[in-house]
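Undergrad: Numbering-wise, this note's numbering puts 283 at position 283 of the sequence shown, and it's gapless, one number per residue.
Some hints could be false.
With a straight-line cut-off of 27 Å between C-alpha atoms, the simulated BS3-like cross-links for lysine-lysine are [stated by the list, open to error]:
#, residue 1, residue 2
1, K492, K286
2, K100, K286
3, K246, K492
4, K165, K493
What follows is a set of in silico ranges between Cβ atoms, one per label pair, in the way DEER data are often shown [as the list claims (entries may be wrong)]:
#, residue 1, residue 2, range
5, C171, K493, 28 to 34 Å
6, S285, Q15, 34 to 40 Å
7, N218, L242, 33 to 39 Å
It should be emphasised that the hints constitute simulated quantities derived from the structure, not laboratory data. A virtual CB, placed ideally from N, CA and C, is assigned to each residue, including glycine.
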Amino acid sequence: MDFIIIGVQEVINIQTLLLILGSVLMGILFGAIPGLTASLGIALLLPFTFALGPVNGLSALIGVYVGATSGGLISATLIGIPGTGASIVTTFDGYPLAQKGGANKALSIGVFASLIGGIISMILLTSISPLLAQVALQFGPWEYFALGIFGLSIVVSVSSDHMLKGLIAGCLGVMITLVGLDPVLSVPRFTFDVSQLMSGFSLLPTLLGFFAVSLFFNELNVLNDNQKPIQLSQSYSIFPRLQEIKSNIRNLIRSSFIGTMIGILPGAGGSIASFLAYDRAKKASKTPEKFGTGHTEGIFASESSNNSITGGSLIPLITLGIPGDMVTAVILGGLLIHGLQPGPLLFDNNPDVVGSIFISLLLATIAMFIIQSSLMRYFARVIQVPKHILLPVIIIMSMVGTYSANNRIFDLWVLVIFGFIGYILLRNKFNLAPLILGYILGPIIESNWRRGLMASNGDFTLFFTRPLSLLLLIATVLAIVLPLITSRREKKKKLASGGS
């Protein structure tokens, strides 16, 4: 409570509040436009925070972080392209619901779930951050390997209708990560003496290729079909229906906890949290067959989990000095340029900074909800632009964002080639979610498997004897076996009912 009181005293003033509002708006725009990311927005803002002082500077950086994380749902829902990696899962149900005429409903649910996820993560950040950070500190390569395998088990749930195609797509995603330098020994693999392949395929061109460019190729076939654009109702509803909120309370709380816990683990990221929360929501749902068709439970799970990442990733940053993801790594730079050393001593030496982080996260989350609820009609106007104008603009933005990340022409080739591969997969009824999942989890699984073997002199039994690792592997087996058993039971019931 002392930190919260100090934070209120530091942050509640006109200058800081205006900075938070402006930075949240900037973050929403960066999150909503495919190709622009939260890390890019924070990196651009970082030099200007030096003149603002530590409290105002960090408040502005956190505002961009919160705004960009939530802003990704706008493009994910309206045009089917995730603005950020954390909003990939939102496209599974947000975009189909918008296509059915429920764009207003999908957006209001997404923004509300973002608010709840952010508030819950802030509560956990302020109350039990030292305890949770100690748990994360116990994670070694064995536990991270088991966590990656557990994440891959989600392929079974995501691809329940086309299991073989899902496994093929997941393996393709893992194979993409094998190109480049070996993560442990730095030996070139599958580079074919091409120097540009030494660093592998970057995250941004890969994601935008499979999502934005593949959509561009796919939509070229239907530009002349006179499809009606998605329409919003005249009055935007700020809150979802009370009945929908009541029926998703457990889903919201569970998904927010998953997002916060995953955020604590360095390097895990919002996309993994969204996949896990989506999978849990599907398995706990009474209507799992509706997931992927515009089901509101999927939107609640995705947006509450990826926005709770913000508070979770700040926990190891301020308590251990370990950034939880790429964005908090940039925020770490913001702490350092102000002469602040994150870690246990930060709580003793700079309680004003710690308190301002707590309160800024809460105010930025509230500001995100107010801004998106107030200006959603203007954000939604992008869907009224004709596709022959909108699609080229998206491609140009994707190319600009891809090139600006590393200043490499090679990344533009990756963008186009992966876009064409994604288009071929879509035309053959492949789900791209397992591919992206394999791409994200592949390096985590491989590097930690090998590090675990090196640390134990080749003894692989530690993967099964360490408590946390064993628990995650058991959960993996259950996550694979239970859906298969349920699927067989449903088939038997259908056969029995058909026979009778």
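Undergrad: Each hint: holds or not?
TA: Quick rundown of the hints versus the structure:
This hinted pair checks out: K492 and K286 have alpha carbons roughly 19 Å apart, not beyond 27 Å. Only pairs whose Cα atoms come within 27 Å are accepted, and K100 paired with K286 is accepted, the gap being roughly 22 Å. Annotation: proposed proximity of K246 to K492 is violated, straight-line Cα distance about 33 Å (limit 27 Å). Under the criterion of a C-alpha separation no larger than 27 Å, the hint pairing K165 with K493 is consistent with the structure, at around 25 Å.
With their beta carbons about 32 Å apart, C171 and K493 fall inside the hinted range of 28 to 34 Å. Distance hint check: the CB atoms of S285 and Q15 are about 46 Å apart, inconsistent with the given range 34 to 40 Å. Taken as a hint, the range 33 to 39 Å holds for the pair N218 and L242, whose Cβ atoms sit roughly 38 Å apart.
Consistency with the previously given hints fails for numbers 3, 6, ordered from lowest to highest.
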